[in-house]
Amino acid sequence: MNNLRKKVLGGLFLFSSSFAFAQNPGQISGNFQVDFQVYQPDSLIGAEEVPEGLLMNGFANVNYTRDEFSAGLRYESYLNPMLGFDTRYKGSGITYRYASYDNGFIKATIGNFYDQFGSGLLLRAYEERNLGYDNAFDGFHIAVNPGKGVRLKALIGKQRAFFDYSNGIVRGFDGEWVLNEGLKSMETSATTVIVGGSFVSKFQADQDPFYKLPENVAAGSGRLNIIRGGFDFFTEYAYKINDPSAANGFIYKPGEALLVTASYSRKGMGIILGAKRIDNMDFRSDRTATGNVLLINYLPALTKQHTYTIAAFYPYATQPNGELGVQGELFYTFKKGSFLGGKYGTKLSVNLSAAQSIERSPIHDTIAVGESGTLGYESEFLTPGETVYFRDFNFTLTKKFSKKWKGSFMYMNQSYNKAVIEGKPGFLKNQILVAEAQYKINTRHSIRMEAQGLFMEDDANPDNVDFGSWALGLVEYTVAPHYFVAVQDLYNYGNPDKTRRIHYFLASAGYVKGSSRIALNYGKQRAGIFCVGGICREVPASSGLSVSITSSF
Amino acid sequence: MKTLFTSLAILAFSATCFAQNSPVPSADIKTLDGKTVNTSSFENDGKPYVISFWATWCKPCIRELTAIAENYEDWQEETGMKLIAVSIDDARNSRKVMPFINGMGWDYEVYLDANQDFKRKMNVNGVPHTFLVDGNNKIVWSHNSYAAGDEYHLYELIEKLSNGESIDE
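These protein sequences, in sequence, are chains A and B. With the first letter of the first sequence counted as 1, position 521 gets the number 521 in the working numbering; the numbers rise by one all the way through. With the first letter of the second sequence counted as 1, position 71 gets the number 71 in the working numbering; the numbers rise by one all the way through.
Looking at chain B on its own, in the form it has when it is part of the complex (with noise of 0.2 Å):
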């Protein structure tokens, strides 16, 4: 145990970049035709991107991505911005997620994580969570769960990326 929490510590000293500011980690989701790419090839030409955790029969997650969906056009006219919506859905939902987005006209880039390898690599708790990544692929900010309004302050910040200010929060 002591040697655990030695060596925890040296870790944890050593290593001072955590994962605000850190690359989009790497891990195999699959496209919706069922194709495998890695998740550290996402990028956006140089603009932010949103990446947002959700599932199919999760309310707080879609009730946040019709709220975005309905800004969508402006926010990437505005910005450049993209969002990559990742469904968490396992096998009893996964085949449902494309119809579903069809169904509710959602542009969203989407993709399967229905292993949740990449949802592990981003230390995901629970569904909606949602990150920001600069366009240095670097993520800035994150947050997890969903209020009406969050929309408005994630775009705020999308703007401050967009305009070369940095995220202090």
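So here's chain A without its partners, still in its complex pose (with noise of 0.2 Å):
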């Protein structure tokens, strides 16, 4: 790695003296985000006391690019790492550096890179940094684009964890065909084709004393994309072959994942219906990792991704050692002038879905389910098993009424299956209401409210309350396009423990000036899952100042 680095050093060092008198000097680009938060004790929160007093997280990409060479690096540094992140990044350092070279036809990467195949079910490699996630590959990556409609890529690295690297070595092949740019007879097709597939394999020596673990393991997957005017199905199916490993408790089962969905559009109206299996296919580059750690593939959750603070209070994770989900969701505006529409039109979605277990029986009457060291269970493949993992029906409606008033309703029930989600004993039921209203006062000025409400159904067992009922008010006031001020009041009323029903203040103030953007947040913040892009972290509750600056250049 300090090779490689000096390498790539080197080589940025000698293409700026080079270029300095050059015609094309290139560009530099980069953005930098710092946080940090002075913490205050708060026992009545469980805002544990933070002995640094402050802990910060940062980083900063700066890329050179020119005509077909690019080059770039990203320092990271966690002094200490913020709560909720994991303690593993404590330190700072250079994270991410690749060179690059792209001239349509091949590309070719060195050092770390980021890529996908297909929809992820084999391979995804992605940063969330809010989230402090980063499974990053160092090594190599070559794209080629031969023409007619084909693209290829093939790939070879180990996987980032934290300030290091996976054990595992990862090797993956990936292939497009857009068959109408390819065959004479499909040019001219209303129909668009698109088929794809995907090889992934992954290293690992067996230092097991116990088991003969597989050192190579090895996946395949296949997808299929077919358009033809507003219609859009797609589906991909992957397979692994047996990969025992702490996630899915040493079991010698092959994995098998299937997504599809199916979408009709036209102005006005939207509507998808999406299905997945997942059965055993938990995909690490470290068989011991456990977490949001060294994972290879990506597994997407078929539910809506809720952004309302109450209503992003309990969301779903996927299930990587198995379940079925199905998910429907529709977008339509009522026209202008129509009954529902209004002087301006109104918007309406709905969404539901639904996540359920797998059916998993026996191997062997000896044998129980998921026993290690066997093949663990067996599964009919389209008999959904008995425990439900998670239910939303939720509907926004979306109006304008007038020049200066908008405003938005949404209805959620939801059930939670805390056991599976968590794992922690419990399974909730909630409804939630959302409003929200926008006056605009001016053409600069603004004044934007939420009202939002948790309703936590009774159970005579604690664990199926969690903290109750919530109660969320919020007020922004905004100056176009430079200033913002909020005030929140996030109230616990319906806690359980009646000494814990607590109002959590919240003011946040911020500037704005291009991209560039410093926020401030003082008050107190409710422990919690925070999620972005569908995987999450668990953030304990903490009390104080915040502040975020942000830019790019």
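A few chain A residues that don't get close to chain B, going by computed Cβ distances all over 12 Å:
| # | residue |
| --- | --- |
| 1 | 51 |
| 2 | 252 |
| 3 | 290 |
| 4 | 371 |
| 5 | 379 |
| 6 | 465 |
| 7 | 471 |
| 8 | 495 |
| 9 | 499 |
Chain A side only, calculated, beta carbon under 10 Å to chain B, not exhaustive:
| # | residue |
| --- | --- |
| 10 | 30 |
| 11 | 107 |
| 12 | 125 |
| 13 | 266 |
| 14 | 333 |
| 15 | 344 |
Quick caveat, the hints were computed from the structure, so don't treat them as lab data. A virtual CB, placed ideally from N, CA and C, is assigned to each residue, including glycine.
Given two chains presented individually in distinct reference frames, assemble the corresponding complex, making use of the accompanying hints.
Take a look at the structure:
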């Protein structure tokens, strides 16, 4: 790694000095983000004392591009990692550096890279900086574009875990072909057909004293996409050979995943239906890893990603060891002038999603389901299991009432299997209401208000009530294009423990100039799950002042 | 470490051309019908255009794109501008993008950046992030986040560009 770093930097140095007088000096660009928080202990909400008093996360990317060449690096610093981030991030260093050449036909990258094959069921390396998630590869990546709608990719590398790389090596190949661009007979067809396939294999030495483990684990997938007019059909199937790991309890069963979506849309309406089945598909470059670490693949949750604070309290996370999921969603605009549309039109979205266990039966009378060192279990492909993991029915209406007023209303009904999703006992049933209104004072000044409530169903078992019911009020005042201030009160009025019926006040203010943004928060934050793009991390309760600065250049 | 900083310092001084006023970087992204296009081919017949990074789950993004949609026809008529909406939705939501924008009734040119290659090339920290590109395909301005009314400021800048004036902020 040190050698490579020297080579990359040496390259940068050469380029920078030799191009100083060239006609095209190239471009430098980048971005950075610094977050820090001054913590105050607060025993009432469970915010523990932070010995450092202040914790900070920061990173900066610097990229250099000149014609077909680009190179760059990222420096990350966690001194020490903020609460909710993995403590293995403690420290600073260059965590990402690459050099790349791209002439349109071939693109070669050395160093770190991100990529995704198909929908990611087999391989997806990506980053969510705000979650501390980064499974970038370090190695070699080549993409070839031979024309006629064909795209080929091959990669080899080790994956990042904090300030280190995995033991295991990942090798992958992916091909995709847009038939319409390759076949004469389809050039003028109104139907677009795209086929693709991937192969991924990982190698990790077997040092287990007890089991004989496969050192090479191979996996393959195929996908098909058919588009005609407003119709879109997509499916992908992935299969993985036996891969005993800490995440699946060291069973030797092969894994598989199937994803199917179909949508139809025309102007003013869109509808999508999706289904998936996942069976033992946790795939990592280190068989001992657990949590959000060293994942090779990405299994998307087929549920709506809620962003209203209270609606996002209990988000679903895909269960890689097995689940069945279905989802349907409708987006509709009632036209201007119609009964429901009124003067400006009304927008409606309706979503229904469900996740369920897969059926599992013992492979033999004397072997328990999931017993390590065995094939684990047998599963009927289309038979659902008995355990409800998650249900969500919700709809949102959005309407512009006048030039000054806009509003939204959301209703949501949710069932949440805490035992499965969080690994803590409990099954929660919630009804959630959100009302939002925006008043435009003039072209620059606006007020936005939110009222939210989460009403938890009563239950004799305290595990099934968790923190009980919540209410939230928010007022935000913005002055475009530079300023915002907001105050929020989140009130845990239904906590079964009466001494913990607390108000979580939070005041925020910020300044935006172009691509730079400074935001301050002061107040209390509830313990909970914070999600971006489908993966989540647990955030402990905290109190104090936090500052976030972002910029790009 | 020392070599690193020396290299960076020299690099920073020698390459004086920064991202402001730089061309749209090259990255492969997908159209809604699954075809791959390179972002360096973006253009608008010598007229200014907007590149807006958004996601189906991002409320401020949807507020911004809805606000622009209310004025889009007028803006296009007056200045010849257009808006390119780049969705950073991943596999969880990328299939929803087409029904979503149709359901919203938006007329934007929409692309999928599911692997976030273009987002990284444009150094986007978070969505919404809006870029303004002039008639010579140079990025002349960008803005992060959305507050109601930002769209008027954006349009003032588009008008300036369309009148051949320069933007100095």
